[in-house]
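Chemist: Chain by chain, the residues:
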Amino acid sequence: SQKIEQNSEALNIQEGKTATLTCNYTNYSPAYLQWYRQDPGRGPVFLLLIRENEKEKRKERLKVTFDTTLKQSLFHITASQPADSATYLCAPYNQGGKLIFGQGTELSVKP
Amino acid sequence: NAGVTQTPKFQVLKTGQSMTLQCAQDMNHNSMYWYRQDPGMGLRLIYYSASEGTTDKGEVPNGYNVSRLNKREFSLRLESAAPSQTSVYFCASSRGTPYGYTFGSGTRLTVV
Chain G
1 SQKIEQNSEA
11 LNIQEGKTAT
21 LTCNYTNYSP
31 AYLQWYRQDP
41 GRGPVFLLLI
51 RENEKEKRKE
61 RLKVTFDTTL
71 KQSLFHITAS
81 QPADSATYLC
91 APYNQGGKLI
101 FGQGTELSVK
111 P
Chain X
1 NAGVTQTPKF
11 QVLKTGQSMT
21 LQCAQDMNHN
31 SMYWYRQDPG
41 MGLRLIYYSA
51 SEGTTDKGEV
61 PNGYNVSRLN
71 KREFSLRLES
81 AAPSQTSVYF
91 CASSRGTPYG
101 YTFGSGTRLT
111 VV
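Residue numbers (the working numbering), protein chains in the order written: chain G, 1 to 111; chain X, 1 to 112.
You may find that some hints are simply not true.
Claimed, not checked - Short, incomplete list of chain X residues facing chain G, as computed with Cβ under 10 Å:
hint : residue
1    : Pro8
2    : Leu13
3    : Lys14
4    : Gln37
5    : Pro61
6    : Tyr64
7    : Pro83
8    : Thr86
9    : Cys91
10   : Ser94
11   : Thr97
12   : Tyr101
Quick caveat, the hints were computed from the structure, so don't treat them as lab data.
None of these values were measured; they are calculated from a predicted model.
Backbone N, C-alpha and C fix where the C-beta goes; we use that ideal spot for every residue, glycine too.
Hey, can you work out the whole structure from these sequences and the hints?
Modeler: As structure tokens, this is what we get:
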């Protein structure tokens, strides 16, 4: 079955550093992959979409890579700030055209 | 802009009771979705509607029914609630593949 794996342990980093979150998927080859941010008690918020023919996508301090050979996406936040603290969800599209969500990685940025 | 509106925000049900979760979007999106989110399980798709008039099962449809009332509204019904349905329920909408989803703020449901 299609499976998504994200770092289960929380990531704690210092303000100003770059945060790197990993998403691995198995048993399928998504044409698109999305990343979302979720704050406690709220619904996920869409951040970025990357297509299988795009190696990298940037939006302000965010960067996403998509390696279809490794079946992995990396999500980077540069110059991280305490306001970036949240849970980040990876969501590749499955063959049926629906998003499958990973469990998310909790990021904590300390001042 | 309201985006996706879910009601109610909180609900406690007794086992066997029924209820309907309401969802409405004002973005003229074609597709709408219902997910549940449980600790350690991530978001799991219950039902979706690719367009007005169509609905399909997702990953975990048992115990639920849906209605796509019109393009704006997509409701989720629990006919006979069970403790295993205790969860946070999210409704979402999108323009379709591969566009991002817009989520509501969720309904926290407890079945006792």
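Chemist: Decide, hint by hint, whether the structure agrees.
Modeler: How the hints compare with the structure:
Taking 10 Å as the C-beta cut-off, the interface hint given for Pro8 (chain X) is violated, the closest approach to chain G being about 15 Å. For Leu13 (chain X), the suggested interface contact is broken, since its CB lies about 20 Å from the closest CB of chain G, more than 10 Å. With a least beta-carbon distance of about 25 Å to chain G, the hint placing Lys14 (chain X) at the interface is violated under the 10 Å criterion. Look at Gln37 (chain X): its Cβ gets to within about 9 Å of chain G, closer than 10 Å, so that hint holds up.
Taken as an interface hint, Pro61 (chain X) does not check out: its beta carbon lies about 13 Å from the nearest beta carbon of chain G, beyond 10 Å. For the restraint placing Tyr64 (chain X) at the interface with chain G, the shortest Cβ-Cβ distance is roughly 16 Å, beyond the 10 Å limit, so the hint is violated. The beta carbon of Pro83 (chain X) comes no nearer than 22 Å to any beta carbon in chain G, farther than 10 Å, and the hint placing it at the interface is violated. A least Cβ separation of about 16 Å between Thr86 (chain X) and chain G goes past the 10 Å threshold, and the interface hint is therefore violated.
For Cys91 (chain X), the suggested interface contact is upheld, since its CB lies about 8 Å from the closest CB of chain G, less than 10 Å. For Ser94 (chain X), the shortest C-beta to C-beta distance to chain G is roughly 9 Å, which falls under 10 Å, so the interface hint holds. At its closest, the beta carbon of Thr97 (chain X) sits 5 Å from a beta carbon of chain G; the interface hint therefore holds under the 10 Å criterion. Here the hint on Tyr101 (chain X) is kept, as its CB sits about 6 Å from the closest CB of chain G, short of 10 Å.
Violated hints, in rising order: 1, 2, 3, 5, 6, 7, 8; the structure is consistent with all others.
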